[in-house]
Amino acid sequence: MKAILVLEDGSIFRGYGFGAKAKTSGEVVFNTGMVGYPESITDPSYAGQILCQTYPLIGNYGIDPSCFESDRPQISGYIAGEICNFPSHHTSKHSLTEWLAASGIPGIAGIDTRELTRKLRAKGVMLGMLQTYENEEDINEAELAEKSKNIDDPNKKDLVSAVACKEPVEYEPQNHNGITIAALDLGIKMNMIRRLNSKGCRIIRLPPSSSADKVISYNPHGILISNGPGDPKKAGYSVKTIRQLMEYKTPMMGICLGMQLLALALNGNTYKLKYGHRGQNHPVIDMKTGRCYITSQNHGYAVDAGSIKGKDIGLTFVNANDKTAEGMESRRHNFSAFQWHPEHAPGPADTEHLFDSFIETIQKEKR
Amino acid sequence: MPLDKTIKKVLVLGSGGIRIGQSAEFDYSGIQALKALKEEGIKTVLINPNIATIQTSNDFADVVYLEPVTPDFVEKIIEKERPDAILLGFGGQTALNCGVRLAEMGVYEKHGIRVLGTPIGSIVKTEDREKFRQAMLEAEAPVPSGRSATTVPEALEIAGEIGYPVIIRPAYTLGGLGSSVSWGKKELEEAASMGLRHSMIGQVLAEKYLHHWKEIEYEVVRDAADNCITVCNMENLDPMGIHTGDSIVVAPSQTLTNSEYHMLRSAAIRVIRKLGIVGECNIQFALDPKSQKFYVIEVNARLSRSSALASKATGYPLAYIAAKVALGYILPELANKVTGITTACFEPAMDYIVVKVPRWEFGKFNASTETGQRRIGSQMQSIGEAMAIGRSFEEAIQKAVRCLELGREIPDGLAASDKELLEEIERPTDARLFAVAEALSRGIDIEKIHALSGIDRWFLNKLKNIADFRKQLSGLKISDKNFSSLLTDSKKLGFSDPMIAKLLKTSEVKIRKLRHFYGIRPSVKQIDTMAAEWPARTNYLYFTYHGSSDDAQRSRKSVLVIGSGPIRIGSSVEFDWCTMSSVFALREKGFRTIVANCNPETVSTDYDMSDILYFEELTLERVLDIIEKERPFGVLLSAGGQTANNLAFSLAKRGVRLLGTSGKRIDMAEDRKKFSALLDRVEIKQPAWKSLTSLEGIKSFAESIGYPVIIRPSYVLSGTCMKVAGNEKELGGYIKHAAKVSRDYPVVVSKFIQDAKEIEVDGLADGESVFIGAVIEHLENAGVHSGDACMVLPPVSLEKDTAEKIKDYTERIAKSLRIKGPFNIQYLVKDREVLVIECNLRASRSMPFVSKAIGVNIVKLATRCILGEKLTHLGPLNWEEKADGFFAVKMPMFSWSRLRNVDPVLGVEMRSTGEVACIGKSFHEAFLKSLLATEQQIDFTGSIHAKNLSNAMHNRLQRLGFEINNGVSKILIDLSEKESPERKAAASKGSLIITRPEFAEAFISALESGPELEPISLQEAYNEKAH
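The listed protein sequences derive, respectively, from chains A and B.
Read in my numbering, the first sequence has 193 at position 193, and its numbers run on one by one without any break.
Read in my numbering, the second sequence has 381 at position 381, and its numbers run on one by one without any break.
Hints are supplied without guarantee of correctness; some may be wrong.
As the list claims (entries may be wrong) - Stretch-level coverage of chain A by chain B, calculated; a stretch enters the list once three of its residues show a Cβ under 8 Å from a Cβ in chain B:
hint	segment
1	44–56
2	81–94
3	117–129
4	229–241
5	277–288
No lab work stands behind these hints, which were simulated from the structure alone.
Predicted, not measured: the structure shown is a model, and the values here were computed from it.
Each residue gets a CB set at the ideal place from its N, CA and C atoms; glycine is no exception.
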């Protein structure tokens, strides 16, 4: 199978196809992590995106569904240097290709992914079309190039409702610590639930359209505003819920999109980063202690640090490289929020203690 | 926490001479540390007797001591220099052990010296096996069951508790010295006693051996504020059981899932925190291939071979950062040197794969596969390594194997029966990779190979791709329709043009032309630490066929300098010193410098040291690729030793501008016939020789010139090259077993002159005038390879008129060859007659020694002459005139204790792995100091073992107060010309072994003269010379 990738600027990459024989479009983004492709592919925050791995050898250890971040692949298309068809690992249940094919997702490999990444770095993320095919007659390069100028921008859509749960779901821990956390699901990664469960918390996962009353009806000791895909401003309906939830002063923790929505709820602003932060090596500095942590990140939008000034919100973490806002908290509104993924998966577990701090806060207030 | 301003002067300990397990990586890490200190305006004092290193050139440290890195000498230097602080993490195990000893002696307290970076207590925790186990338990990092033992019965008792297989690992050693795996009681008895012998404190760890578990390493950095990062993880292709130094290693890991990768990463961070390391450390894990179970195997609380590899693999300068952290900086304050704008507190993301392969030298020791001497295991035996970068595993590993310059590639496979192949795969020697490739191409099942070797199926599948493709290529014709697409695929799988040509039965030139015709060219990619997420300002480059665009632009007015490739016996860090000396000279003259090299240990592969670095194989194909991309003003081959020199003919033939002596003149010096004709013209004699193509011819010529004779075959079966034959029987035996003789493979036979002195001249010329750097005397008579001889400067027993004659001959030869650049000429002197042995028109092994001894970098000067400067502008300089009572002695360094069953005698084949040199006010002082610099545990009093030496020498030793042949001794003098079991036994113990009467004489008379052994810095020596 062959494959072609066309970007909105007219760039064309031709390689070999894998996964499903299909045509797709989306926002082309890159991730610099060297492990964790099953986790990334199933991360709902990648909805609407064609994901390019900068590490060229992908699929080496196959697919183990127990590490999924949701029940299915969430990406629109996949890009890698080389796909391994003979995975080797005791946990592997399928090869990456088989799994993507069964999920209807096309991929392209055998292209210069570094060239693509450099392009995205220089021009910013772009929309693109990806098609896998058997015969040259099946594609028309000129037509694709023309079409690529008018690709629907997934960021203009409400991606959140498409990936989040529709009904509340409860997750019981093995050893309950008496704490119940309501998680507003905007495209939540399962590892947040797994981490909090493993620490003894009971989780109520709620659809993004849930009203504040609905959330409060579960008598949660803490509220988690999850990660999720796309432009935070397209998930505006949950901003209202969040604003109302603040009134209850229940400890809240926001992660990724959750942080952006908390900022919007307090009339702060968000903006689109040129090419986002996607990888496992992003350093963030704790502004109180000066300590630096290596974090797992996946976001294309960020909170405008200037826009939250004087709104009872303090900036707590900053990105050590580009100085963007990475964390914020508000005593008055009783929340803390992080732009990265303390639940990791994929990525380093160095900031998992933030969940412990959240639990501590909850416990203190419970008493 | 910024720089601690109270630190004004820092002492840095080096690693001494190169031996198996401790190589050029410490030149690299030491230089990074010195640079990091210099930037802060801190004065640096370096102690390192490794004369061949770049760090001991006077451009890096403020004060350089070529002195033994032993507690005695270091303390004397501390008293003299009064540093505020000391760095122990940059000179390998040598510096670390010495540093711990100094702490025990109370030297730091006494002199108020601070140990920067990792505290002594933490170092001790990583070295003392029992303390280590305890710390790991506290860090919740499991260690294999077992404990430490101080006697053999104790080790057996432990084995009884934990069960076999058991691995024995001695405390405070490097490169797994003295370590081995036992599957039963008898084996363990031997293993434990060997291990105990090698441990500095008589302690070994007896531990459960995790057969065929994955071996994974992490390089971790921690600062004083507790920020921790893992800079690189690496996976050994060869699972547990093969020392990581002897393993094929890939970075990043290939077969680990996200959860495994980060489980081990988190454990690594817990470990570094628990140990309280401030700086860098290497952590090795064993990971069960069938579950998530893992164990911590070892921690090295210092820069290491692996950290050098990790630095080169990722572009992250670990040693530099470790030095800054030791000074008090915290990681987020430091910048990523590659981007210049992002922080050093991050973890590099690679968008390529790196493969490291080891280089062994068993052939140099006549080791055979049948006797098990070539078997590899938990004790490191390789001497060097090469690294290659690619965007597929196949591309990288094929490249890496070519970098080793073995004259064979992976698809060549191994000629052996199926049974032999499987035996090799299960019980590996240095040939396992080729055995695996061959087995795969014969269709032997991957599962079977996996079961025998433990090599992960992922790697085997990739190797199978190479084996399968080789078959496809074998049937391919240039006229085939799919030719160009298969050619493209073959390049992506790392096949070289010569290999493709061989399989297609055509020429390399033809394949190259066809490739270009089809537009199949490699792309240049950059190593930037961040997978293109941020722009890099450095030019650290490699080639790949998995690309469609170049990262880098060609630069103007550049010169390409070819490096020396992997370290092996005969080509070591000295040629890296030569490479860098040329680079410095070129930079001073305003050229953009491009370095090509593939050795991850070296300074020349630090992207900071040249304008552009191609981390690449040094094959003709690749060098032409670089030239086509960069179109340099010229190419400099004279610095990279034999590796670079070997390219001269082919490059010249393709019209490449080679800088320096013309190709025609090089040929004149290298072609024996032409060289003889030249010598005849200038009326200089050489020993009688002849090139012969039949055994009868050889015998009758040998008869006519008289035995002994030296034979140099052009094709060798057993690995060794040159041989001295004392009679017809020896000659016949050698030709029959080791060398091939035919019209295509002629043998050169020459007269071996006994009891002759060997003299070398290192110098340079500008095409007209000649500069003689030094006339060097070998302590041993001719017959000992120049790399193994003890060298003395200035000569101590050469008559003045003979020295003058040698200078005159040198001028005559250099002028008639119109040498433009560095040269080395070797002479024999007997009864005042001077004969020429050979002339090399390139930088030589002894040039760093000569340059540092005379205080003039002759390779730098030579490079200036190559660029067109005239010697007359440079002023006269000569050692003999400037010497004024200083002597320099260069001593070879051997790695006998690593090798199995080797008689440590010296001959015409080189066997030393490194060298050291010291300066003294007398020959005897320099001699004894340099001896101490090689063997750190020798004692010049007490007991000595002596065999086969004259009564006179025996008596003199007694008068010196030695107990002879009584008790344990670290010195053996055995002058027997026959094979000696005593020598073999002493070799395995790492004793000082004296086998030559000239050396024994020097040793005894040096002790008799009893000089004070005082440290002298190079700067002091130069200053005194100047006055």
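| field | Unsatisfied constraints (hint numbers, rising) | value | Failing hint: just 4.
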